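K.L.:
Note that the protein sequences, when read in sequence, are chains A and B.
Position one of the first sequence corresponds to residue 1 (the UniProt record's numbering), numbered consecutively onward.
Position one of the second sequence corresponds to residue 1 (the UniProt record's numbering), numbered consecutively onward.
The hints are simulated quantities; they were obtained by calculation from the structure and are not laboratory data.
All of these numbers come straight from a predicted model, not from anything done at the bench.
Using N, Cα and C, we set each Cβ at its ideal position, and we do this for glycine too.
Worth double-checking, as some hints may not be accurate.
Okay, the calculated beta carbon distance ranges per label pair [said to hold, decoys possible]:
id: 1; chain 1: A; residue 1: K8; chain 2: B; residue 2: T18; range: 36 to 42 Å
id: 2; chain 1: B; residue 1: P35; chain 2: A; residue 2: P175; range: 57 to 63 Å
id: 3; chain 1: A; residue 1: A293; chain 2: B; residue 2: P90; range: 41 to 47 Å
id: 4; chain 1: B; residue 1: V306; chain 2: A; residue 2: L53; range: 54 to 60 Å
id: 5; chain 1: B; residue 1: L307; chain 2: A; residue 2: A194; range: 58 to 64 Å
2 protein chains.
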Amino acid sequence: MGEFDLIKRFFVREQGQTGVVLGIGDDCAVLAPTPGMQWLVSTDMLVEGRHFLSTVAPERLGHKALAVNLSDLAACGATPRAFTLALALPRADASWLTGFSKGLFALADAHGIHLVGGDTTQGPLNISITVMGEAPAGAALLRSGAKPGDDVYVSGSLGDARLALEVFRGSISLPGEQFAQVRAAMECPQPRVALGQALRGVASSAADVSDGLIGDLGHILQRSAVGASLEVDLLPCSAVLAAQPLALKRECGLAGGDDYELVFTAAPAQRAAVQGAAEQSATPVIRIGRIEAAAGLRLLDAEGQVLSHQFSSFDHFKS
Amino acid sequence: MGEFDLIKRFFVREQGQTGVVLGIGDDCAVLAPTPGMQWLVSTDMLVEGRHFLSTVAPERLGHKALAVNLSDLAACGATPRAFTLALALPRADASWLTGFSKGLFALADAHGIHLVGGDTTQGPLNISITVMGEAPAGAALLRSGAKPGDDVYVSGSLGDARLALEVFRGSISLPGEQFAQVRAAMECPQPRVALGQALRGVASSAADVSDGLIGDLGHILQRSAVGASLEVDLLPCSAVLAAQPLALKRECGLAGGDDYELVFTAAPAQRAAVQGAAEQSATPVIRIGRIEAAAGLRLLDAEGQVLSHQFSSFDHFKS
Numbered sequence: 001m002g003e004f005d006l007i008k009r010f011f012v013r014e015q016g017q018t019g020v021v022l023g024i025g026d027d028c029a030v031l032a033p034t035p036g037m038q039w040l041v042s043t044d045m046l047v048e049g050r051h052f053l054s055t056v057a058p059e060r061l062g063h064k065a066l067a068v069n070l071s072d073l074a075a076c077g078a079t080p081r082a083f084t085l086a087l088a089l090p091r092a093d094a095s096w097l098t099g100f101s102k103g104l105f106a107l108a109d110a111h112g113i114h115l116v117g118g119d120t121t122q123g124p125l126n127i128s129i130t131v132m133g134e135a136p137a138g139a140a141l142l143r144s145g146a147k148p149g150d151d152v153y154v155s156g157s158l159g160d161a162r163l164a165l166e167v168f169r170g171s172i173s174l175p176g177e178q179f180a181q182v183r184a185a186m187e188c189p190q191p192r193v194a195l196g197q198a199l200r201g202v203a204s205s206a207a208d209v210s211d212g213l214i215g216d217l218g219h220i221l222q223r224s225a226v227g228a229s230l231e232v233d234l235l236p237c238s239a240v241l242a243a244q245p246l247a248l249k250r251e252c253g254l255a256g257g258d259d260y261e262l263v264f265t266a267a268p269a270q271r272a273a274v275q276g277a278a279e280q281s282a283t284p285v286i287r288i289g290r291i292e293a294a295a296g297l298r299l300l301d302a303e304g305q306v307l308s309h310q311f312s313s314f315d316h317f318k319s
Numbered sequence: 001m002g003e004f005d006l007i008k009r010f011f012v013r014e015q016g017q018t019g020v021v022l023g024i025g026d027d028c029a030v031l032a033p034t035p036g037m038q039w040l041v042s043t044d045m046l047v048e049g050r051h052f053l054s055t056v057a058p059e060r061l062g063h064k065a066l067a068v069n070l071s072d073l074a075a076c077g078a079t080p081r082a083f084t085l086a087l088a089l090p091r092a093d094a095s096w097l098t099g100f101s102k103g104l105f106a107l108a109d110a111h112g113i114h115l116v117g118g119d120t121t122q123g124p125l126n127i128s129i130t131v132m133g134e135a136p137a138g139a140a141l142l143r144s145g146a147k148p149g150d151d152v153y154v155s156g157s158l159g160d161a162r163l164a165l166e167v168f169r170g171s172i173s174l175p176g177e178q179f180a181q182v183r184a185a186m187e188c189p190q191p192r193v194a195l196g197q198a199l200r201g202v203a204s205s206a207a208d209v210s211d212g213l214i215g216d217l218g219h220i221l222q223r224s225a226v227g228a229s230l231e232v233d234l235l236p237c238s239a240v241l242a243a244q245p246l247a248l249k250r251e252c253g254l255a256g257g258d259d260y261e262l263v264f265t266a267a268p269a270q271r272a273a274v275q276g277a278a279e280q281s282a283t284p285v286i287r288i289g290r291i292e293a294a295a296g297l298r299l300l301d302a303e304g305q306v307l308s309h310q311f312s313s314f315d316h317f318k319s
C-alpha cells in the first residue's frame, strides 16, 4: 500500500461538506469562511509514550487525537469547521488504520468537522492535528477576561485519566470494572464543544483542562492578571476517584492532566445563565471557587483552611 | 527549560500582525479572514531521515520546514497569512532552537506569514506545520483545470536536491563548491509564492513539484482527466546537473523530488501573460510540453522520439 492509496482508502470521503469548497486531493484545501465570523485555529501533536500508551486501541487513539484538539475549540466557544491530519507511521498497517480512521471520523461526524487535508509519512508514530473553527467576531472565549469577584467553574469530573495512568504505572490497582471506567476517561475524552458554544456571552474567560486544573486555571490567572481561591473538596470527581485516599484524590483532581474539561469564570450575575448553558449542553458544571485581585492560587479545604500545595502541572520537558 | 519557557523564548513574537486578532498564548489563535477571500490550508510533516538528514543545520531546517508548506500555498496562488507549528524534540536544546527559529522566522518574515499557534512536546524529532493563506473566491489555482492544447511549464530548475541526496548516499561525488550549491537547493528551497500569485487568472492548473516532476504533473493529469507530452531535454537544470551523465540528469529532473518548483499549465493564448507573471515575480519559467486529450504521460527526446521510462515518484511507504 503506497502513500496515495493509503490516503484514498482511509481518509478521503465524500465532498460537498458545509463550507468546504475543496477537500483532500489538491495542494491545499479551499474553505469558505462564513461572513462576519472569526477563524479559530489550534494544533496538538500526540507522541507515543507522552500522550498515549502503546496499549491504546487504534479506534480510541483516533478519537483522542481529534478530541484533544476539539477541546481547544471548545475552550474558545468555537463552532468546529475543518481539520488537517499529519500522520507519521512506522508502517502502513491496514488494520491499525481501519481502527484509527473509524474512531477519528466517528468523533468528527459527531461534531460536524471535516477532514480537509493532511500528510502521511513513514516515521516514529506521531499524530499532529490542526483544527479550525468559527465564532462571531469578538465572541471567542479567551483566557484573559477573568475579573475579581467572578465565580470559577469546572465541567464534568476531574482526575480519572490520571488515576488510569497510575494503574498503568503500577502505582495503584483497581478492580476490572473501575479500571475500565477510568481508562475510558483517559483514552476517550469527550470535548466540551457544546458547553463552550453555550458559554459565549456568559463566561468571562475559559481554558480547557489538559495539563491539570492548577496549571490551566493558572493560565487564566496569568493572562487575566488576577488570583483565585478554590475549594478543593468541591472538585467534581467520579465515584471511583472519590473512593481513593484523600491525597491521591486531590493530586488527580488538581494536577491530573488529560481531563479535557473546561475551567471558566463568570460574573455572579451570570449564575442562572451558566446553569442554562450547562442544561442546554447537557454538561454538568460546578462552581469551585472565585477570582480575587490578589495574585496567586489559594487552595482551601472544607473548613476554609489554606492548604499548602506542591502540585505541579504537566510539562513535556520536565520529568 | 520547561515547555512554556521554550515557547516564550523561541516562538512568541510581537502581536499586532495583519489579520491576527490573537496569536500564541490562548487555547486557539483568533484570525480575521479578509471579506470576499477563500481560505487555503495545507499541512506537511517532516521526519528525520525521510525529509531531512541529521546533518542539516538547524537554521536551514527551520527554513525548509516552512518552505515546503509555503510551496503548497504557492501552487494554489494563495497569499500566505498564518501558520501553526507542532514540534516534537528529543530534548530542549537552546542552540538548536535558536538556529531553527531563526531560519523559520527569516522565511516567515520574507513572506509576511505569522506563527499563530503550536505545540511542543518531547519525542523523536518531528516538525509538523499547517499553513493558511487567502485567495479571492474562485481564483485559487487547482490541479483540475488543465485542458488539451494547454502548454505545460515549470519554474526554476529541477533535480539539484536529488543530486545532493545522491552525494549524501555516496552514489556520486561532486567538487566542494558544486556540492555546496546543490546541497543549498536541497536544504533551502525557495517557495514560488510570488509566481503562484502572479499566475492567478493566467494558469489553468498548477501543482508544486515536491515528489518529482512526473509524479506531480501526474496529479494534474489525473485530476484534469488529460494526458501530456514532455520534451525531456527542455527540463531546466543547473550547470552542475547539466554536466552529469544523461541518465542521471534525466532521473534527477523527472523524478528527483524536493524541488519545490511549480509545474503549471496555461492556454497558448496566455503565453505573454505567463511571461509577464514570470517577470513580475522574478522567477524563471520555461515551457516544457503540452496537454493532450489522450491519457498518460509521453516523454520525448530532442528528436521527438518517445522514451520508455521507469521513473517513479517518491512515495513515503515504498522504499
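K.L.:
Has the hinted range 36 to 42 Å been met by the Cβ atoms of K8/A and T18/B?
P.N.:
This hint holds: roughly 37 Å between Cβ atoms.
K.L.:
Measuring from beta carbon to beta carbon, are P35/B and P175/A in 57 to 63 Å?
P.N.:
holds, 58 Å
K.L.:
Range first: 41 to 47 Å. Now tell me if the beta carbons of A293/A and P90/B are that far apart.
P.N.:
holds, 43 Å
K.L.:
Can you tell me whether the CB distance of L307/B to A194/A sits inside 58 to 64 Å?
P.N.:
holds, 60 Å
K.L.:
Given the range 54 to 60 Å, decide if the beta-carbon distance of V306/B to L53/A lies inside it.
P.N.:
Holds - the Cβ-Cβ distance for V306/B and L53/A, about 55 Å, lies within 54 to 60 Å.
Hint compliance for this structure: every hint is met.
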